[in-house]
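Asker: Residue numbers (the numbering used here), protein chains in the order written: chain A, 241 to 352; chain B, 4 to 118.
Bear in mind the hints are in silico, worked out from the structure with no lab data behind them.
A couple of the hints might just be wrong.
Stated by the list, open to error - A short list of chain B residues far from chain A (calculated; beta carbon distances all over 12 Å):
| hint | residue |
| --- | --- |
| 1 | R17 |
| 2 | T18 |
| 3 | G19 |
| 4 | E20 |
| 5 | D29 |
| 6 | P64 |
| 7 | S68 |
| 8 | S70 |
| 9 | E72 |
| 10 | E82 |
| 11 | S85 |
| 12 | V117 |
As the list claims (entries may be wrong) - Here are a few chain B residues that face chain A, going by a calculated C-beta distance under 8 Å:
| hint | residue |
| --- | --- |
| 13 | G43 |
| 14 | L44 |
| 15 | G45 |
| 16 | L46 |
| 17 | G66 |
| 18 | L93 |
| 19 | F109 |
| 20 | G110 |
| 21 | N111 |
| 22 | G112 |
For every residue, glycine included, the Cβ atom is placed at its ideal position computed from N, Cα and C.
Okay, here's what each chain looks like letter by letter:
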Amino acid sequence: AQSVTQLDSQVPVFEEAPVELRCNYSSSVSVYLFWYVQYPNQGLQLLLKYLSGSTLVESINGFEAEFNKSQTSFHLRKPSVHISDTAEYFCAVSNRDDKIIFGKGTRLHILP
Amino acid sequence: DVKVTQSSRYLVKRTGEKVFLECVQDMDHENMFWYRQDPGLGLRLIYFSYDVKMKEKGDIPEGYSVSREKKERFSLILESASTNQTSMYLCASSLDHRAYNSPLHFGNGTRLTVT
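Chain B extracted, bound-state conformation (with noise of 0.2 Å):
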């Protein structure tokens, strides 16, 4: 059974830090996302890699970069933390970059608050 690990439920964090939300997943999958979760928007996709060292910008990706240093590690990282990027962050993975041929693996998620 594919397992995506967020390594944090909960992140409270100070305005203007530099955080990182790490993922790993242990199917070797080719393919990881980062998404944010809020109430009455749904799921928004920030950036994904469908590599090593490779990584595409989604449809939010301001205030936001990643890093794919290994298949099974996708980190999202906040250069300087704003209170707007207070969140719930999920991480997914999927065999094949093609949506319909292979469904997205979440993880738990990660709750940050930035105050």
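Next comes chain A alone, as it looks inside the complex (with noise of 0.2 Å):
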């Protein structure tokens, strides 16, 4: 069965400071991983997400995840976040047998 934890449900950033949002997931065979991204009052959208290759990958908006095999672990980091980055972001995970499984979110404040 797979599952999926986040360890912060929420994480305090001042403006322009990095950000690291963990994740890390179990399965027992290969996973995909996700990372949804919810604004105030708006449904979730795909941040990005790791299929298969590079291990490091890139969202439009400066986000970056790395899947880490020996650490089951996909963890979220921005080097300088901004008023426009708080949201509550979900990690998730799949595999060839279709279901998604979301974390439990992590809340992201920025402070001024």
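Each of the two chains sits in its own frame; use the hints to bring them together as a complex.
Answerer: And the structure:
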């Protein structure tokens, strides 16, 4: 069975500081990994995904995540955050058996 | 751009009422999903549908049913609403039922309060 653990329910960080949102997964088979973002009063939208190939994947707004198979992690990072990054971030895992499993989410609070 | 529209942003219903949550997508997606989102619990899958008139139970189907009479519309039904069904409900659609092959597109959610 698959599972996803987001280690922090809330992360406060000052504007322009770096941030890392942690995600660990467990799965007995090959996985596909995702980060979804939910901005205030909106639904979720895909931020980035790892399917295969390069273990470092990037989004268009400066986030990146690295697939680390040995540590079963897919942490999300950004070198310098902005107020507009305030949102809840969900890590998710899937495999060829179709189902996607979401983590419980991490709220990113940007402090001025 | 894919649009998933949920008919109500906020709903307040009384215990025992029958409640319909409607969702419409405009991109001819085969697959549609209903999730509920609760603080500290993340997203939990209630029901999903891979085709018209087809439905499959998710992880927490108890107390809910669904209807998919047309491809673009997926309704969630609470036959007799209870206070523990107070939650944010999110509808989603995708082109491919394989999650790795196409992303989920979500509506903005319906916040249901049952009093």
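Asker: Hint by hint, note whether the structure agrees.
Answerer: Here is what the structure says about each hint:
{"no.": "1", "hint": "R17", "in the structure": "holds, 25 Å"}
{"no.": "2", "hint": "T18", "in the structure": "holds, 27 Å"}
{"no.": "3", "hint": "G19", "in the structure": "holds, 29 Å"}
{"no.": "4", "hint": "E20", "in the structure": "holds, 25 Å"}
{"no.": "5", "hint": "D29", "in the structure": "holds, 15 Å"}
{"no.": "6", "hint": "P64", "in the structure": "holds, 14 Å"}
{"no.": "7", "hint": "S68", "in the structure": "holds, 20 Å"}
{"no.": "8", "hint": "S70", "in the structure": "holds, 21 Å"}
{"no.": "9", "hint": "E72", "in the structure": "holds, 23 Å"}
{"no.": "10", "hint": "E82", "in the structure": "holds, 25 Å"}
{"no.": "11", "hint": "S85", "in the structure": "holds, 23 Å"}
{"no.": "12", "hint": "V117", "in the structure": "holds, 21 Å"}
{"no.": "13", "hint": "G43", "in the structure": "holds, 6 Å"}
{"no.": "14", "hint": "L44", "in the structure": "holds, 6 Å"}
{"no.": "15", "hint": "G45", "in the structure": "holds, 4 Å"}
{"no.": "16", "hint": "L46", "in the structure": "holds, 4 Å"}
{"no.": "17", "hint": "G66", "in the structure": "violated, 21 Å"}
{"no.": "18", "hint": "L93", "in the structure": "holds, 6 Å"}
{"no.": "19", "hint": "F109", "in the structure": "holds, 3 Å"}
{"no.": "20", "hint": "G110", "in the structure": "holds, 5 Å"}
{"no.": "21", "hint": "N111", "in the structure": "holds, 5 Å"}
{"no.": "22", "hint": "G112", "in the structure": "holds, 6 Å"}
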